[in-house]
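Respectively, the protein sequence lines represent chains W and S.
Convert by adding 13 to the 1-based position in the first sequence; the result is the number in our numbering.
Convert by adding 13 to the 1-based position in the second sequence; the result is the number in our numbering.
These are calculated hints, taken from the structure and not from any lab test.
Computed from a prediction, not measured in an experiment: that's the story for all the values here.
Hints are supplied without guarantee of correctness; some may be wrong.
[Unchecked claim] Footprint (simulated), chain S over chain W, 3 or more residues, beta carbon under 8 Å: (1) 41-52; (2) 71-77; (3) 82-88; (4) 153-167; (5) 418-425.
[Claimed, not checked] Each computed BS3-like pair below joins lysine-lysine, with the alpha-carbon atoms no more than 27 Å apart: (6) Lys-126/W <-> Lys-126/S; (7) Lys-99/S <-> Lys-344/W; (8) Lys-263/S <-> Lys-99/S; (9) Lys-344/W <-> Lys-69/S; (10) Lys-34/W <-> Lys-361/W; (11) Lys-69/S <-> Lys-342/W.
[Unchecked claim] Beta-carbon label-pair distances, calculated as ranges: (12) Thr-276/W <-> Ala-363/S: 51 to 57 Å; (13) Leu-424/S <-> Glu-95/W: 54 to 60 Å; (14) Asp-301/S <-> Arg-272/W: 33 to 39 Å; (15) Lys-344/S <-> Glu-343/W: 20 to 26 Å; (16) Lys-466/S <-> Thr-192/W: 58 to 64 Å; (17) Thr-71/S <-> Asp-354/W: 23 to 29 Å; (18) Lys-344/S <-> Lys-470/W: 57 to 63 Å; (19) Val-398/W <-> Gly-345/S: 52 to 58 Å.
A virtual CB, placed ideally from N, CA and C, is assigned to each residue, including glycine.
Protein chains: 2
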Amino acid sequence: MAKLTSRSEDYSKWYNELVVKADLAENSGVRGCMVIKPYGYAIWEKMRDELDRKFKETGHQNAYFPLFVPKSLFEAEEKNAEGFAKECAVVTHYRLKTDPNNPHKLIVDPEAKLEEELIVRPTSEAIIWSTYKNWIQSYRDLPILINQWANVVRWEMRTRLFLRTAEFLWQEGHTAHATKAEAIEETEKMLEVYATFAENYMAMPVIKGIKTESERFAGAEETYCIEAMMQDGKALQAGTSHFLGQNFAKAFDVKFTNREGKTEFAWATSWGVSTRLMGALIMAHSDDQGLVLPPTLAPIQVVIVPIFKGEEQLQQISEVAFEIQRKLKEKGISVKYDNDDQNKPGWKFAEYELKGVPVRIALGARDLENKTVEIARRDTLTKEVKPIEEVELYIEGLLKTIQQDIYTKALKFKEDSITKVDTFEEFKRILNEKGGFISAHWDGTAEEEEMIKEKTKATIRCIPLDNELEEGTSLISGKPSKQRVIFAKAY
Amino acid sequence: MAKLTSRSEDYSKWYNELVVKADLAENSGVRGCMVIKPYGYAIWEKMRDELDRKFKETGHQNAYFPLFVPKSLFEAEEKNAEGFAKECAVVTHYRLKTDPNNPHKLIVDPEAKLEEELIVRPTSEAIIWSTYKNWIQSYRDLPILINQWANVVRWEMRTRLFLRTAEFLWQEGHTAHATKAEAIEETEKMLEVYATFAENYMAMPVIKGIKTESERFAGAEETYCIEAMMQDGKALQAGTSHFLGQNFAKAFDVKFTNREGKTEFAWATSWGVSTRLMGALIMAHSDDQGLVLPPTLAPIQVVIVPIFKGEEQLQQISEVAFEIQRKLKEKGISVKYDNDDQNKPGWKFAEYELKGVPVRIALGARDLENKTVEIARRDTLTKEVKPIEEVELYIEGLLKTIQQDIYTKALKFKEDSITKVDTFEEFKRILNEKGGFISAHWDGTAEEEEMIKEKTKATIRCIPLDNELEEGTSLISGKPSKQRVIFAKAY
Chain W
14 MAKLTSRSED YSKWYNELVV KADLAENSGV RGCMVIKPYG YAIWEKMRDE
64 LDRKFKETGH QNAYFPLFVP KSLFEAEEKN AEGFAKECAV VTHYRLKTDP
114 NNPHKLIVDP EAKLEEELIV RPTSEAIIWS TYKNWIQSYR DLPILINQWA
164 NVVRWEMRTR LFLRTAEFLW QEGHTAHATK AEAIEETEKM LEVYATFAEN
214 YMAMPVIKGI KTESERFAGA EETYCIEAMM QDGKALQAGT SHFLGQNFAK
264 AFDVKFTNRE GKTEFAWATS WGVSTRLMGA LIMAHSDDQG LVLPPTLAPI
314 QVVIVPIFKG EEQLQQISEV AFEIQRKLKE KGISVKYDND DQNKPGWKFA
364 EYELKGVPVR IALGARDLEN KTVEIARRDT LTKEVKPIEE VELYIEGLLK
414 TIQQDIYTKA LKFKEDSITK VDTFEEFKRI LNEKGGFISA HWDGTAEEEE
464 MIKEKTKATI RCIPLDNELE EGTSLISGKP SKQRVIFAKA Y
Chain S
14 MAKLTSRSED YSKWYNELVV KADLAENSGV RGCMVIKPYG YAIWEKMRDE
64 LDRKFKETGH QNAYFPLFVP KSLFEAEEKN AEGFAKECAV VTHYRLKTDP
114 NNPHKLIVDP EAKLEEELIV RPTSEAIIWS TYKNWIQSYR DLPILINQWA
164 NVVRWEMRTR LFLRTAEFLW QEGHTAHATK AEAIEETEKM LEVYATFAEN
214 YMAMPVIKGI KTESERFAGA EETYCIEAMM QDGKALQAGT SHFLGQNFAK
264 AFDVKFTNRE GKTEFAWATS WGVSTRLMGA LIMAHSDDQG LVLPPTLAPI
314 QVVIVPIFKG EEQLQQISEV AFEIQRKLKE KGISVKYDND DQNKPGWKFA
364 EYELKGVPVR IALGARDLEN KTVEIARRDT LTKEVKPIEE VELYIEGLLK
414 TIQQDIYTKA LKFKEDSITK VDTFEEFKRI LNEKGGFISA HWDGTAEEEE
464 MIKEKTKATI RCIPLDNELE EGTSLISGKP SKQRVIFAKA Y
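Bound-form chain W, shown alone (with noise of 0.2 Å):
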C-alpha cells in the first residue's frame, strides 16, 4: 500500500488521497457526482442517526417532498431564484426511444417533451412553501416544524469529493411560524443544535456567527452559521440556519389568521447541514498516516489485531480475542476481530491507521503468557501494556478520553488559528504566512468587504454571535468600526 502524500507536501491531493484510499468515497462516471462506498456512508449514517435524534427531540417530524420543482414554482420567489438559477440542472424530456441509426443505442424522444420543465431541486423551499400554502389557514396550524433528508444537486464547476459535489445528501429544514420571534428563536436554537453536534460528535469546535449581507442564502433575512477551522487554515461552513422572515410566504401567498382574527403572511425557517460535514471531519481531525475519528462516529471503534505464527496459536489467541469482543461489545463498543490469514500483522495495522480506527487491540502469543494486551491509540499513535482482566473498563474510558483530547486539539487549533490584526498590510502577511481565522474591523459596507475578496481571496466567514463591541477602524476605507468580523479564505 502506498504511502498518503503527507500534509505538508500537498494538503490537497493528501485530502483526495486520503478519501479515497480510506474508502470514504470516490469519482462516478457522472460529472461532479460522487460514489459514497460503504465506510464513508457508515460513518454519514452516525451522523445523520444522531442529528436525526437532535431534531426529534427538538419536535420535529421528517416528512419528503418531491425531487423536481416545476420553473413557475421555482422563480416564485425571485432572490432564492435568482441565486440558484445558474447551477440548475433541468428535466426537459421525460422519454427515451431508440435510435433509428442505431437500434443498440437510445435517444431522447423529441415528441416526449415536458409543457414546463422541472428544476432538480436545489434546495426545497418553493417546492415546500407551495405545500405549506393548503396546510396553513389559522394560527392553530402552526408552527410546522419539518425536516427532510434528501439528495439535492447544484451544477458546481469545480467539484471535490464531500466538500462541494453536484449531487449531495443533506437535511433541510423548512419550519413555519405565527411570529417573527418564533422564528428567530427556532433559527437560532437550530444553531445551537448544529454547534453542539459539531463539538461534541464531531469533536469539532466552530465558530457561531451571522453572514454579512453578501454572503447570506439567497431568499433570507439572515444567514446564521457554523464556521470550522481546517488543518491548512483554510474556513469550512459546517451549516447554515436561515431566518427567512416573510419571504417564501409572500412568495406563495401563505397567510394564516391569527389569534386576533386578522390575515398575517407566515414566517420562514431552514436549515441545513450536508454530507459536507464529512469532509469537514476528516480534515478537521486526521494526520499522514491517515483518518482519525473520534469515537462517537467511527464505525469500528475497536479492532483486535492478532499476531500469530500458524492455526495453534491462532485459535488459542482466537480464544481470548472473542472474549474480549463479547465483552466489549456488552458495553456498546463497536468491535471488529481482524483474523483474516491474508495479510500481516503490519499491513493490518497501517490499514486500521488508514482508516481511524481510534483503538487498535494487538494480542500475539506472547501477551497470552503475560495476560495482557498491546493497546494503541490511533490519534496519538502510542501504546501500551494492559492487563487483560482489565482491557474493557480500560478501554471503555480511553474512547471517552480520546474523543475530548481530540476536541481539546482541535480546540486549542482553532483558537491558536485566529489573529487579531488592525492594518491591511498585517491582514495580507497574516492570511499568506499563517492563514486561519482573522479578526478584524470592518466598516459595514459591501463595498470594503468585496475589495478584501479581490484582493486576497479571504471572504467574512461571520460576524461572532458573542461578539464584544470594540471600536475601531476599518481595513481600508478607514471608517470607524464597533467590532471586529473574523474573515478567512474558506472551502
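Given chain W, work out where chain S should sit, using these hints.
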C-alpha cells in the same frame, strides 16, 4: 370531519380519501409526485429501519450512488434500457437564465446544454455495475453486498398515491458474486427477508414465487416476488428479488480472476421494496373507519384520551394519565396523551380511529373513582374496562394479540381468496364475481399468458415456490401442464 367513502361504495375512492385524511400523503404540484406527510413518513421510517436492520444482519452494507445515469451507461445493458426507456426523466441542461422578455421569469439557457444527456435513475444497475467494474478484480473482492436507500423516478402516466408515483422512495440491493449458485442463494435469501418482514411486521401474508418471462424485471434471468392480496380482490406485488445472471457484468465488462486463476464475469442480484409497501399496508388491513395499523409499525401505539369537564377534573385525570404513559413508555410502547382542550373526546376517538392507533385508553372522572380505564381496540372496535393497576401489563400483551389477530385475519382472507379453476369460463366468472388469486393450469407459453391478459386483464402473478406438481390441461390451449400458476388482476 366528513365520513370516509366506504369500501363497498367505491374502493378506489376509499383508498385515496383515506391516504389524504389520515395525513399519510398528498399529491404535489409536480405531476405524479407525492408529498409524504409526517404521519405517513413515520410509518415508512419504521418499515425502513426494520428492513435496514435485516439487511445488515444478513451482511449487507449501505452505500450511495449518483442520481443521474449518463445515457451511454444507461443503454449498455440493452434489455434493461429498453424496459425503462419509455419512462425516463431526462436532464438536458444545467443552467437557467433570466427571460430576456420578462425579468421576473427564468428560461432554460440554450447555451448550457449537456454534451451527454443524464437519465434520472429509474433503477441503479447501470450506474452501480459501471462502478463495480473498478472494485472487482479477484474472487477475493467478492461477494459485494451493498444496499442503497434512494429516490428513483419512473415517468408513469397514471399515478396513485404510494401505489404508483413518478418519484418514489425505495431500497435497492445490488450484489456481486463469484458463482451462479451463490448469486441464486442471495436472490432467494432476500426474498425470504421480504416475506418475513411482510408477515411479521406488516402482518401481511404473501405468496412467494417466481415471475414468468414476460413479467420479469428487464435485464433479469429470473425474478422472484412476493404477492399480497388486497381487500378488493386485486393482487399487489410487494417486493422483488432478481437473479441477474452475468448480464450486467457483460454489459459493463466486470471480470474477475477466480480461485483457479481463470477470468470470469461476475454474477449479480438486485432486490428492492419501495414506498409502494405503504399502499399495501393501508389496503391490507384498513376499514371504513380508517387505517388499521399493526402495532409494530404504528407511530403511536397507544393514545390516552381524557374525558373531563373543567380544568380541575382534567388535572386529576392528567396525573393518572401521565403515570400510565410513563409506565407504558418504560416498556418501550409509544404513547400519546391527548390533553388538547379544543377538541371533544368524540372527535378525538374518530381521529385516532382514522389514523389507526391500535389501542385507545379513555379516562374519565368515574374511571378515577373506580380505578379503571376503558380500553378500545382499533382492529376489532371493541372496548373493555380494566383496573388501572393492570393497564401496562394488559396493554403489553394486547399489542401482541392485535398484531397476531390482524395477521390471522389477513391470512384467512388471503387463503379464502385463492380459487382453483379448471376452465376458462370458470376463470372469467370467478375473476368477475370474486376476484382474488386464481390457481389454474397454464401451458407455459407467452401467447396463452398474453391472451388471458387481453381478455380478462388478469396476469400471472407468479409460479409459487412451494408449488405442488399436478397434471392438468391449460385454460385456453388445452395443452398439458404440470403445475398450477397464480393469476390475478393486480395493482
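Tested hints:
Remark: the stretch 41-52 of chain W is confirmed as covered by chain S, as 9 of its residues place a Cβ nearer than 8 Å to a Cβ of that chain, reaching the required three. Given a C-beta distance limit of less than 8 Å, the hint that chain S covers the stretch 71-77 of chain W holds, as 4 residues qualify and 3 suffice. Coverage of the stretch 82-88 of chain W by chain S holds [criterion: at least 3 residues with CB-CB distance below 8 Å; count 6]. Under the rule that three or more residues need a Cβ within less than 8 Å of chain S, the assignment of the stretch 153-167 of chain W holds, with 5 such residues.
Here the stretch 418-425 of chain W counts 0 residues with a CB under 8 Å from a CB of chain S, which misses the bar of 3, and the coverage is violated. A C-alpha spacing of about 15 Å is found between Lys-126/W and Lys-126/S, which places the hinted pair at or below 27 Å, so the restraint holds. Our distance criterion of 27 Å between C-alpha atoms is broken by Lys-99/S and Lys-344/W, whose separation comes to about 53 Å. Under the criterion of a C-alpha separation no larger than 27 Å, the hint pairing Lys-263/S with Lys-99/S is consistent with the structure, at around 24 Å.
Among the hinted pairs, Lys-344/W with Lys-69/S is consistent with the structure: their alpha-carbon atoms are about 20 Å apart, no more than 27 Å. The suggested pairing of Lys-34/W with Lys-361/W holds, with an alpha-carbon distance near 14 Å, which does not exceed 27 Å. Between Lys-69/S and Lys-342/W the CA atoms are separated by roughly 17 Å; this keeps the pair inside 27 Å, and the hint holds. Range check, Thr-276/W to Ala-363/S: Cβ separation about 30 Å, and the 51 to 57 Å hint is violated.
For the hinted restraint 54 to 60 Å between Leu-424/S and Glu-95/W, the CB-CB distance of approximately 58 Å keeps it satisfied. A beta carbon spacing of about 37 Å between Asp-301/S and Arg-272/W agrees with the range 33 to 39 Å that was offered as a hint. A hinted range of 20 to 26 Å holds for the C-beta pair Lys-344/S and Glu-343/W, which are about 23 Å apart. With their beta carbons about 59 Å apart, Lys-466/S and Thr-192/W fall inside the hinted range of 58 to 64 Å.
Separation of Thr-71/S from Asp-354/W is about 25 Å and conforms to the stated range, judged on CB atoms against 23 to 29 Å. The given range of 57 to 63 Å is respected by Lys-344/S and Lys-470/W, whose C-beta atoms sit roughly 59 Å from each other. Checked against the hint of 52 to 58 Å, the pair Val-398/W and Gly-345/S fails, with Cβ atoms roughly 42 Å apart.
Comparing the model with each earlier hint shows violations of hints 5, 7, 12 and 19; every other hint is respected.
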